[in-house]
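Number of protein chains: 2
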Amino acid sequence: MKFDDTIITISREYGSGGRIIGQKLAERLGIPFYDHELITLAAKETGMSEEFLKNTEERANHSLRFSLSYLGNLSYTMPLNDQVFIAQSKIIHDIADKGPCVIVGRCADYVLKDHKHCLNVFVHANLDYRMYRAIKHYDFPEQKTVEKTKEMILKIDKQRETYYNYYTDHVWGKASNYHICLDSSQLHIDGTVDVLMKFVEEFENKRED
Amino acid sequence: MKFDDTIITISREYGSGGRIIGQKLAERLGIPFYDHELITLAAKETGMSEEFLKNTEERANHSLRFSLSYLGNLSYTMPLNDQVFIAQSKIIHDIADKGPCVIVGRCADYVLKDHKHCLNVFVHANLDYRMYRAIKHYDFPEQKTVEKTKEMILKIDKQRETYYNYYTDHVWGKASNYHICLDSSQLHIDGTVDVLMKFVEEFENKRED
Numbered sequence: 001m002k003f004d005d006t007i008i009t010i011s012r013e014y015g016s017g018g019r020i021i022g023q024k025l026a027e028r029l030g031i032p033f034y035d036h037e038l039i040t041l042a043a044k045e046t047g048m049s050e051e052f053l054k055n056t057e058e059r060a061n062h063s064l065r066f067s068l069s070y071l072g073n074l075s076y077t078m079p080l081n082d083q084v085f086i087a088q089s090k091i092i093h094d095i096a097d098k099g100p101c102v103i104v105g106r107c108a109d110y111v112l113k114d115h116k117h118c119l120n121v122f123v124h125a126n127l128d129y130r131m132y133r134a135i136k137h138y139d140f141p142e143q144k145t146v147e148k149t150k151e152m153i154l155k156i157d158k159q160r161e162t163y164y165n166y167y168t169d170h171v172w173g174k175a176s177n178y179h180i181c182l183d184s185s186q187l188h189i190d191g192t193v194d195v196l197m198k199f200v201e202e203f204e205n206k207r208e209d
Numbered sequence: 001m002k003f004d005d006t007i008i009t010i011s012r013e014y015g016s017g018g019r020i021i022g023q024k025l026a027e028r029l030g031i032p033f034y035d036h037e038l039i040t041l042a043a044k045e046t047g048m049s050e051e052f053l054k055n056t057e058e059r060a061n062h063s064l065r066f067s068l069s070y071l072g073n074l075s076y077t078m079p080l081n082d083q084v085f086i087a088q089s090k091i092i093h094d095i096a097d098k099g100p101c102v103i104v105g106r107c108a109d110y111v112l113k114d115h116k117h118c119l120n121v122f123v124h125a126n127l128d129y130r131m132y133r134a135i136k137h138y139d140f141p142e143q144k145t146v147e148k149t150k151e152m153i154l155k156i157d158k159q160r161e162t163y164y165n166y167y168t169d170h171v172w173g174k175a176s177n178y179h180i181c182l183d184s185s186q187l188h189i190d191g192t193v194d195v196l197m198k199f200v201e202e203f204e205n206k207r208e209d
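So the protein sequences, as listed, match chains A and B. The first sequence: position 4 = 4 (the numbering used here), numbered continuously. The second sequence: position 25 = 25 (the numbering used here), numbered continuously.
Among the hints, erroneous ones may be present.
Since the list gives no way to pick one copy over another, a pair counts as held whenever it fits inside one copy or between any two copies.
Lysine-lysine pairs mimicking DSSO-like chemistry, simulated, CA-CA at most 27 angstroms apart [stated by the list, open to error]:
#	residue 1	residue 2
1	K206	K144
2	K116	K158
3	K113	K150
4	K116	K144
5	K150	K174
6	K206	K24
7	K90	K148
It is worth saying that the hints were derived from the structure and are not from the lab.
Only chain A is shown next, with the shape it has when bound in the complex (with noise of 0.2 angstroms):
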């Protein structure tokens, strides 16, 4: 298979497996995978230290307003979240630019809208099985009752959702926005990795022709 450079985004709901999906996706392909060190990398080109960015991650302007009160500088508020989403959106270009990868979150599949070969995935699925994929995978010591994960898991989606509702014109979760939405809760990680590996296959054929 021929694949010089496809850049894979996906986006996910909390807890579906997006992230574990999308990396098993770029080792069977070989190519790299970007996430947590996406948010290294804009630390180093903002001068922000790492700890900011990580509370500032796909947190829309409402939600960082609060979680800025503590900095006693609410003034700063709007520039700040944008410059952290600009950063990041240069860093998503630099690393396109570079050759086929795959990159989680970020908003990567509005970023690169103009980019030649883009395949965007959206991962999500039923709360049942997210639930049991936070309890069992994700380390949170303050969540200790699966009404606690159900809420965490509900927030997070929404802080996603608004984010990417904000920094973009689409709509968080609309299948048209998408290539390909997959229910990992059907086939779990791996299955849906193969699927998705099939549709990649079909897509690099398909641009061969």
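Following the hints, put chain B in place on chain A, whose structure we already have.
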């Protein structure tokens, strides 16, 4: 591949080829396919004429109200429309009880939401591809310009969205309502069917685990 009782429902944007994709998928799986046939069955069930049922097909009340105005009997608007929906839903349940099949449109994903093995698909495509397909393959004598074709596509999509959102508590085209959503303008008809076949295989294998 074991394929005992899975019902595949296909929702689709107008011009995306969702109907022909469903038909080809059914052929490859060797299972029945239901689309216009459903209207014929519904017509027999309700005693309404097939022509009338075609006019009301996938139009929610406010559109139906307009189309019914020539009948001069507005008082029947709500009950007639709902009668058609109820009759079609009953037929969808009867069909699903008989064994595996592919059903296109008619909110079948929602109607069968409690069915034990249902695989819900949404097919969409960019507007350019849908305009090309509509001009090339569909026979609408009154549409003689690209611009008119575009208007018709957007109007029919709006009707489908309104109909779906009216009769269900889901949102038409929202990824999380479906198990897989595909952009058919990327892989075209046969490539999309190939990816769906892969999904169905994984879906059935998972059940055997």
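Comparing the hints with the structure gives:
| no. | hint | in the structure |
| --- | --- | --- |
| 1 | K206 with K144 | neither (48 angstroms within a copy, 30 angstroms between copies) |
| 2 | K116 with K158 | neither (30 angstroms within a copy, 30 angstroms between copies) |
| 3 | K113 with K150 | between (33 angstroms within a copy, 22 angstroms between copies) |
| 4 | K116 with K144 | neither (45 angstroms within a copy, 32 angstroms between copies) |
| 5 | K150 with K174 | both (22 angstroms within a copy, 21 angstroms between copies) |
| 6 | K206 with K24 | both (23 angstroms within a copy, 19 angstroms between copies) |
| 7 | K90 with K148 | neither (36 angstroms within a copy, 40 angstroms between copies) |
Hint check: violations occur at hints 1, 2, 4 and 7; the rest are consistent with the structure.
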